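With the hints as extra help, turn the sequences into a complete structure.
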Amino acid sequence: GITNLTPSYNKLIVSFDLTLANFKKIKKFIEDLEISIQTNIKSKKVSIPICTEDEFALDFQRLNKLTNKSKEEILELFLSKEYFCYMTGFIAGMPFLGDIDQKIQCPRLETPRVKVPEGSVGITEQFTNIYTSESPGGWNIIGNTPLKIFNKNNELNPILINPGDKIKFYQINKKEYDNWK
240 GITNLTPSYN KLIVSFDLTL ANFKKIKKFI EDLEISIQTN IKSKKVSIPI
290 CTEDEFALDF QRLNKLTNKS KEEILELFLS KEYFCYMTGF IAGMPFLGDI
340 DQKIQCPRLE TPRVKVPEGS VGITEQFTNI YTSESPGGWN IIGNTPLKIF
390 NKNNELNPIL INPGDKIKFY QINKKEYDNW K
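Under the working numbering, the first residue of the sequence shown is numbered 240, with each subsequent residue one higher.
You may find that some hints are simply not true.
Claimed, not checked - Just the calculated beta-carbon pair ranges, DEER-fashion:
hint : residue 1 : residue 2 : range
1    : E270      : G328      : 36 to 46 Å
2    : T242      : E292      : 44 to 54 Å
3    : E294      : L259      : 46 to 56 Å
4    : E294      : E270      : 45 to 55 Å
5    : P397      : E312      : 34 to 44 Å
The hints are simulated quantities; they were obtained by calculation from the structure and are not laboratory data. It should be emphasised that the depicted structure is a prediction, and the values quoted were computed from it without experimental measurement. The beta-carbon is built from N, C-alpha and C at its ideal position, and this holds for glycine as well.
Structure representation (structure tokens):
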């Protein structure tokens, strides 16, 4: 019956084959499950370099207006926290990390960008993320990491950040960024 389980931030998608299973039986099975929160999740700590120079930090003017904070104040609040990876998705391997400081939480862009560069670090509401490939997107971009977060050529472990991992960002300058590439 059940062919796949896909966890997300606050839901679990259960996929099943109706030719092999009965919907009512699967529904009853799920309803009867005793759900408990695991606190012994095996996670790793990942340090992520971020360059926040103007060519990468596309939305600080917008964030300054919305938060009434300078770029330096926003970065101090952003860089001072360790983030939890709640899920990956939208784009292969894209981590959804939280929770950012309430003082810098902002809504998505009213009009998403057609192209957000790979490695861009964005914030929206209580989350931060890293774009694992160039794609459309509406998050507030505060910098870019030279680190490859998703590597489709690595068949054994293509994703650097997995749900449950703890992430800490640290600032690098343009020269350090270029040396990573």
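Evaluated hints:
1. E270 x G328: 36 to 46 Å: Taking Cβ atoms as reference, E270 and G328 lie about 26 Å apart, which means the hint is violated.
2. T242 x E292: 44 to 54 Å: holds (46 Å)
3. E294 x L259: 46 to 56 Å: holds (53 Å)
4. E294 x E270: 45 to 55 Å: holds (52 Å)
5. P397 x E312: 34 to 44 Å: Roughly 36 Å apart at Cβ, these two residues keep to the hinted range, so it holds.
In summary, the one numbered hint that this structure violates is 1.
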